[in-house]
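K.L.:
One letter stands for each residue in the lines below.
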Amino acid sequence: MSWEEIISEYKPVKQRPRRIWVNVPKEEVYDVIRKLREAGFEHLSAISVTDWLNEGVFEVTYHLWSYSIKTLLTVKTKIPRDDPVIKSVVPIYGMSAWIHERELHEMFGVVFEGNPDLSPLFLEDWDGPPPFRKDFNWRDYVREKFYSKERERDKAYWEVWLK
Amino acid sequence: MMYVLLALYIIAAPFIVGALGILYGMVLKGIDRKLTARMQGRVGPPLRQPFYDVLKLLEKECIIPENAVKWLFNAAPLIALAASITTLLYLPIGPFPPLFSGNGDLIVILYLLEVPCLAILAGGFAAGSPYSTVGSQREMVLMISCEFPLAAAIIALAWKYSSIYPGLKAFSLTTFVNNPIWNNVGVLGFIGVGILLIVMLALSTSGLGRLPFDIAEAGTEISGGMLVEYTGRNLGILYINDAVRVVVFATLINAMFFPYKLSPLIANYVALPLAASLTIDFLFYLFKVFLIAFVTVTLMRVAFPRYRVDDVVKFYWGIAGLATLAALILIVMDTFFGW
Amino acid sequence: MVETEKKVMARKLGRLVRAVWIFNWFNSCGCTELLPVVSSRYDMERFGLIIVDNPKHADCLIITGYQTIKSIKRVVRIYNQMPDPKVVMALGSCPITGGMYWDSYNTIKRLSDYIPVHMYVPGCPPRPEAVFQAVGLLVEHVRKLKEEVSRK
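Residue numbers (this note's numbering), protein chains in the order written: chain U, 1 to 163; chain Y, 1 to 339; chain S, 1 to 152.
Rather than coming from a laboratory, the hints here were simulated on the basis of the structure. Cβ coordinates follow ideal geometry from the N, Cα and C atoms, glycine included.
Where chain Y lies over chain S, by a calculated footprint (3+ residues, C-beta under 8 Å): (1) 4–16; (2) 41–48; (3) 54–67; (4) 83–91.
Just chain U, same shape as in the assembly:
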């Protein structure tokens, strides 16, 4: 099957020449990506996650590029925010997918099943919630952790700023 036939049943949207995005349900996204890889999209540019707080979903986005067809295809899925589990694409795309999923697990808390190693990359000694979530109040967290009430220099942060 060519790539147009694979994504035609999901109503693709064409923004510009060479920029197409398509919404796929969560259960079918792994098979769609596997078929797209075989149809010519051999380069995974990035995996990203968007946090829609009002609707209560995480939207996982896979950006695929093809050298032969020269099109950037964006495959989007929605997963529930309370139980963010999705199947990992490491068996399809290898180590580049592993690094992206590791960062997303650390920053958003999304669990990718099948990923060999989900240890944190940037945050050492981290004891708070995943920081990129929109309901994480980073100012309160920073005020608690870094500025103490007893020290003269830090009193301004408690009284005036960081409110």
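Start from chain U and add chains Y and S according to the hints.
P.N.:
Leaving out everything else, chains Y and S in the frame of chain U:
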């Protein structure tokens, strides 16, 4: 009275030669940094900068790692400096003959040139850090690859002398100084000796461990190489050793290829007393050493990037080795056919 | 300080300030205007400062900009490896109060809580002339210290 003077001379002369080596080596280092900076479009440090560097290094704390072999770690810089100054005692300094002279000067010098590298290498292994082990292994590769062209070049010239003057000692530097090589060869031999001169200049760049062959002390790759664990006083002694070796290599090339004096030229026009002619020859020697150091250290450092380890071996065993063999064949043909 | 200690310190600092060797820890955005200082436009080698690649050879540690929790642990290790006497210079406004990242969850706010700092250079990033002024202030301070010691 004569014996007292002779005893004083024997005791004091090595110190004077050593002091000359150290001071002139540091002056050459300062001039090298200034000229490098000017060639790169900047203003360089003042000419006394190496002296400030060494004085600062002597004030720093000396840190010795816990799992190092302490006696070897502390002795290595001293052995290196002592060997470098000892090599100077076998070389003719300007118009003055070498202090120690014998049958096989050049063979002793050939071995003494390797001892500082071996000492620093042993110190690198004794430091017990993985970076210094890698640096010492690279230095071993460098030394192995430089042995062949160096030995072949020296043997070629000594063989030439032994075939022309069978009565004189072939490996002694006084033979080289009294009979300059360029007067005793024909056209083919001229080309051969020219090739040997270029090979010897390349060998002194690598013997000193300068760009493009500074793979052992590579800064950005293995953060200091063999000198990783050296601080304070030990690093100061290694800095001085680096400066003395420039004078050693330059004096060796000067004695083998350009042992000319300036005073006979001037004595054609003006009658010179002994002290004046010795001074003029000495200053001319200092100028020649500066020129050789400029070509081997400064020009090479500014123009070339660093070689890879296997490319260094290919260069010395491939190109330089073949060039030395070709020069040897040219010299042999020159002797037998007399062209 | 006892008198002889002060004399020894003055002598050591006097020799140090003529040939400061800087360790190559340029890891944040505060170092963007330090690179012309190192290279040929605002040449810093004319004052004797060179860059070394090994904390054991260095006298000066320049912290350029913000440090995260992960990198401040490594900075403390590097500071402990440098031999005495040593100088720490903090570039930019991030080591002073937290700078642009004062409300970030992963950067440290005040560098002096972790290692002793001897000179702060404000700016975001500081201009090359500011770095030279900082070095000049250090030289002035050492000169005054030596005068004071030699007067007694």
